[in-house]
Amino acid sequence: MYRYDEFDHDVVQSRVKQFRGQVKRRLEGALTEEQFRPLRLQNGLYLQLHAYMLRVAVPYGTLNSKQLRQLAMISEKYDRGYGHVTTRQNMQFNWPQLPEVPDILQDLADVEMHCFQTSGNCIRNVTSDPYAGATADEIEDPRPTAELLRQWSTMHPEFAFLPRKFKIAVTAAPNDRAVIKAHDIGIEIVKNEKGEVGYHIIVGGGLGRTPIIGVTLNEFLPREELLPYLEAVMRVYNRYGRRDNKYKARIKILVTETGIDAFRQMVDAEYESLEPSDIAVSEAEISRITDYFASPQFEDAPDDSAFEAAKSDEDFANWADNNLSAHKQAGYSIVNISLKPHDRAPGDVTADQMRAVADLADKYSFGEIRTTHQQNMVLPHVKKADLQALYEGLKAAELAADNIGLISDIICCPGMDYCALATARSIPVSQAIAERFSDPKRQRAIGEMSIKISGCINACGHHHVGNIGILGLEKAGVEFYQVKLGGDSSENAAIGQVTGPGFSQEELVDGIERMVDFYLDSRTGAEKFIDTFKRVGIDPFKEVLYGNA
Amino acid sequence: MTANELREGYSVWLTEDLTWSTDYADAALTEDPEIIAKMQSVADRDVEANEVVGAYFIDIDPETKLPARYRERFRVTGPSNDLGEEIEKD
Ligand code: SF4
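Keeping their order, the protein sequence lines are chains A and B. Here my numbering runs 43 ahead of the position in the first sequence, where the first position is 1. Here my numbering runs 8 ahead of the position in the second sequence, where the first position is 1.
Rather than coming from a laboratory, the hints here were simulated on the basis of the structure. These numbers come from a predicted model, not from an experiment. Backbone N, C-alpha and C fix where the C-beta goes; we use that ideal spot for every residue, glycine too. There may be inaccurate statements among the hints.
When the alpha-carbon atoms are kept at most 30 Å apart in a straight line, the in silico DSS-like pairs for lysine-lysine are as follows [to be verified]:
#, chain 1, residue 1, chain 2, residue 2
1, A, Lys208, A, Lys291
2, A, Lys109, B, Lys97
3, B, Lys97, A, Lys518
4, A, Lys60, A, Lys109
5, A, Lys291, A, Lys354
6, A, Lys208, A, Lys518
7, B, Lys97, A, Lys120
8, A, Lys438, B, Lys97
9, A, Lys406, A, Lys371
10, A, Lys571, A, Lys585
11, A, Lys291, A, Lys109
12, A, Lys371, A, Lys109
Ranges between beta-carbon positions, derived for each pair [said to hold, decoys possible]:
#, chain 1, residue 1, chain 2, residue 2, range
13, A, Glu441, B, Thr30, 17 to 23 Å
14, A, Ala203, B, Ser29, 24 to 30 Å
15, A, Lys577, B, Thr30, 49 to 55 Å
16, B, Thr30, A, Arg282, 53 to 59 Å
17, B, Ala57, A, Glu328, 48 to 54 Å
18, B, Thr27, A, Gln78, 24 to 30 Å
19, A, Asp334, B, Phe65, 40 to 46 Å
20, B, Phe65, A, Ser565, 40 to 46 Å
21, B, Asp25, A, Glu441, 44 to 50 Å
22, A, Lys67, B, Gln48, 27 to 33 Å
23, A, Ala203, B, Thr72, 43 to 49 Å
A partial selection of chain B residues facing chain A, derived with a Cβ cut-off under 10 Å [as the list claims (entries may be wrong)]:
#, residue
24, Asn12
25, Tyr18
26, Ala36
27, Arg53
28, Gly62
29, Lys73
30, Gly86
31, Asp90
Isolated chain B (complex conformation) (with noise of 0.2 Å):
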């Protein structure tokens, strides 16, 4: 389960103790249904209390337990060229 931060804007995914991290690592990565719902419900929950918004599950590769999708892929890796790194590092 996937969705951005209200507030930053950033990338967050729903973690095992149904809390929302920007580290894709944290992921909690599932196929039991009963675990499926209970995210959905926290997934609504916090979209109502304008925490995250446009939350939806993605589906995840079982070989590298990467996103499947490629554009999924590029929101856990990040941009290849961000100049703001860049400047951080001078």
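Okay, chain A solo, but in the shape it has when bound (with noise of 0.2 Å):
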């Protein structure tokens, strides 16, 4: 993993310190709300619905155990002992104070952690793959290019006010676990036909009010080419993008008013513009971060018949049967945790639990953890002769849920419990669904599929890419929900189609109902809801979701 070189300590620190002295200003009344906002909002702290709420920022995903423990710490000495995981795999704490934001700020900072990029028009926190390094269908791990990344990006001085924020999530695999096509900017570490390792650069893609799948801006960028001509990218989109109109300011707007080849044409004017060799990095800084992340001392094909043994006990086979991936290294799985009970928010996770995930990663995966845009948790390496033990270990903690990537492991955003933007409750929605199809065996019956929730037009909840995509919206005081069917947030990725007329919560669950009914009858062999969806096209569903089938 990464570890801070004096200059982040330095930076971290530095701005601890400055934002303490900012707070005391504020709370002596030197500042102003409108001076002090976005001096807030530039450390992460918004002001939400019913209190401050505090997004620390998990670069690409990736934690150790001791910077689990200190949030969960924190959680509980400054907040109301839990944590959520966003869908943008940071963590958020829905309930701290003003006057003790510096003080998390600086216990952060003891563990290498902060609050930036976690707002404003900047370049946000990159997000990249959670199987990174680990998982055994990718080209090289994407983390040292998204940690190149966030150095570049950290603070940088021309990026701070862009015409509105910017998302980039990086990935090396095929199987596209970070959604990058609805990335402002999304990259695809890819090889040629030399077997040169480069960059596939997506542009444009983007949820919230005007969802657009991201294109291809460089089939193949050489890697030494990567920060200069993303520099070029920024600052057209600095120069071109929309500030007259906030709706209007992503560069997805810019990509597609400008036109795909006249936007590469922009960029590869400044491009040529720009002295390359004045951003790119030496060979040596980029083998400096790579080394961070050299693979864990992993033993050569462990013995694993007592895992195959272990499947006797039929909760643990279909535990290891839908929360496990293939690791890279002969012996070893992936494991996913799934922050999904159904009795709870999607990705909350108490200070308890944490502390749990932390133990059991320093026992069985080398102390590594990472959070998920889909707001579960994963322990990248864990020998299989260890998963049943492992296993116990998640269930004494509540956090043995078999629910990943099936119907109840529902991606959800705060919605109108905790946001100050939102127009509906989405947690509610997501639980009275889970609720519906808590019966694992059904679960496991239909297969994959994928609901999303948001709780306004905003799409945190990512509804434009799911399966099934729910929008919270109100009127005249009642809350009602508009399905889209038909999104895909892989490598296949689409924008869902919406329906028509929105639902109460109660019919929303029971057209769901209908429409997995519908598909458990019309599918064809092992096929996904989605797959069905596509073959048999949005009209029957339709029908059955109105029930007039």
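Got two chains here, separate frames each, mind docking them using the hints?
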């Protein structure tokens, strides 16, 4: 894992000191709210519906056990004993108090963490594949690239006041687990015919009010050109992105209005005018960063007969069947920890659970933990022989839900329960759906499918790319929910289609159940929900959703 | 008249004795222009004094006496799902 060098240390420490002074001046009245607001937002501190909310950056979703324990401590000392994993792999605390926030930032800095780039119109915290460095299907670990981007973008003076926020995601696997096509810039690490590793640059994706799937800006960018090229893209956006209308300010609108070919020409012209060597980093620096992400010392083909034997326990077998993913090293597994028990808000995790995960990571996963944009956690490197013991540990911490990728593994933003921008609640809807489909056998029979819920048009719950996407709205004081169908967040990214008029929560859950039953009746073989949808089209699903069938 | 406390960030409502309460039940509900003017000046003073932030008036449903706007009703009831409460109970 990346370790801070002296510059990182200095930057983080000086920011804590600076913010302590700013909070002091605010509390003494030397700063007005208007003056203070941008300063607190630069430190991830929002004022939400009921209280402040602090968003802690988890760069590319990678945490070590010490950091997770510190987050647990912070949640107990300053908050209400829990945290919330967001759809951008960060962690939010819902109830911090302003005078204590500088102390929280200090406690974070003590474990090389901070809240930079979690708010404001800057390049936000870079996200990545939660299986990075572990998965069998990647070309290389994408985290050195993500870390390079973190260092480049942190407090980049030119890009601190962009027309709007800017999100970058990086992956190195053909199976896209980072939703790169729904980002302002998506970066896929690829190999060309000569076997050289470079970058496929996708631009102009995004969800929100105007959902757009990103398009290819550059098929293959040589590795050494990454930073100068991105600098050129950012400059074009910074100069031509609209500042007159915040709903039209994201790069996706610029790319759409300009056209990708003309946009590419603008980037190329800007690139020509740059002095790449001023921006590009040396091979030595890249290899310094890469070294931090060296694989742990795996055992050579450890015996996994104990794992096979343990599968005689049905519960364990079901969990193993559903929550494990293939590791690059024989005898190891990637373990997904579901933060979706059906009675909780998706992504919520208590301090005790954070400590339990940290302990289990130390014992079984080289102290490494990942957060996912699906609001779950991952232990990336677990020996198969240890899986049963790990499972027992997760069970004891109430973290052994075996629903990863299933219908109750719902992505859901905080909605009206916490968010000041919301139009409706989302958490109770996700709970009602999870409750309706709580029978594990039924969930497994339905198989892989995604439901995603947002509490307003900003789409933090990624509803546009859910197989079933739900948007909470309000009319005359009554919540209602609009449904989209056929969205896909994978490498086959697609925006769902709106079905029609909205529903009450109850009608919605009934309608979803009818659609699921229809899918089960209509699927052929092992067809997934999304594949049946693609084959039969939206109309029959709409009919059952509206109860007309 | 509602706002958020500067320090804790909690939602507060102005009471009849012109102090701030985190309990909506204490909120002053009025249509009297004189009282409204008085409330405005107290709110302005307390914003200026950095006691509260973002003070504004909300409409009330005359029947239920609850805020008319859905969002404002939510600020009164609090989140429908707060894991913190569950943890406290345990
Ligand atoms: S989608 Fe809307 S309600 Fe949900 S977190 Fe984002 S801004 Fe808030």
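Hints versus structure:
1. A:Lys208 to A:Lys291: Between A:Lys208 and A:Lys291 the Cα gap is close to 12 Å, so the pair holds against 30 Å.
2. A:Lys109 to B:Lys97: holds, 28 Å
3. B:Lys97 to A:Lys518: Roughly 35 Å separates the two Cα atoms, so the pair is violated.
4. A:Lys60 to A:Lys109: Holds - the C-alpha atoms of A:Lys109 and A:Lys60 are around 23 Å apart, at most 30 Å.
5. A:Lys291 to A:Lys354: violated, 53 Å
6. A:Lys208 to A:Lys518: Within the cut-off at roughly 29 Å; holds.
7. B:Lys97 to A:Lys120: It holds: about 17 Å lies between the C-alpha atoms, which stays within 30 Å.
8. A:Lys438 to B:Lys97: holds, 21 Å
9. A:Lys406 to A:Lys371: The hint holds at about 20 Å.
10. A:Lys571 to A:Lys585: Given pair A:Lys571, A:Lys585 holds - Cα atoms ~18 Å apart, limit 30 Å.
11. A:Lys291 to A:Lys109: violated, 41 Å
12. A:Lys371 to A:Lys109: holds, 25 Å
13. A:Glu441 to B:Thr30: 17 to 23 Å: At roughly 32 Å between Cβ atoms, B:Thr30 and A:Glu441 fall outside 17 to 23 Å, so the hint is violated.
14. A:Ala203 to B:Ser29: 24 to 30 Å: Check failed, 40 Å falls outside 24 to 30 Å.
15. A:Lys577 to B:Thr30: 49 to 55 Å: holds, 51 Å
16. B:Thr30 to A:Arg282: 53 to 59 Å: Given about 47 Å between the Cβ atoms, the range is violated.
17. B:Ala57 to A:Glu328: 48 to 54 Å: The hinted range 48 to 54 Å holds for B:Ala57 and A:Glu328, with Cβ atoms some 51 Å apart.
18. B:Thr27 to A:Gln78: 24 to 30 Å: With Cβ atoms ~26 Å apart, the hint holds.
19. A:Asp334 to B:Phe65: 40 to 46 Å: violated, 60 Å
20. B:Phe65 to A:Ser565: 40 to 46 Å: Since the Cβ atoms of B:Phe65 and A:Ser565 sit about 54 Å apart, the hinted range of 40 to 46 Å is violated.
21. B:Asp25 to A:Glu441: 44 to 50 Å: holds, 46 Å
22. A:Lys67 to B:Gln48: 27 to 33 Å: The hint (27 to 33 Å, Cβ to Cβ) holds, given that A:Lys67 and B:Gln48 are roughly 29 Å apart.
23. A:Ala203 to B:Thr72: 43 to 49 Å: holds, 46 Å
24. Asn12: Check passed: Cβ of B:Asn12 comes within 6 Å of chain A, closer than 10 Å.
25. Tyr18: holds, 6 Å
26. Ala36: Violated. Min distance 21 Å.
27. Arg53: Because about 12 Å separates B:Arg53 from the closest Cβ in chain A, which is outside the 10 Å limit, the hint is violated.
28. Gly62: holds, 7 Å
29. Lys73: violated, 14 Å
30. Gly86: holds, 6 Å
31. Asp90: holds, 7 Å
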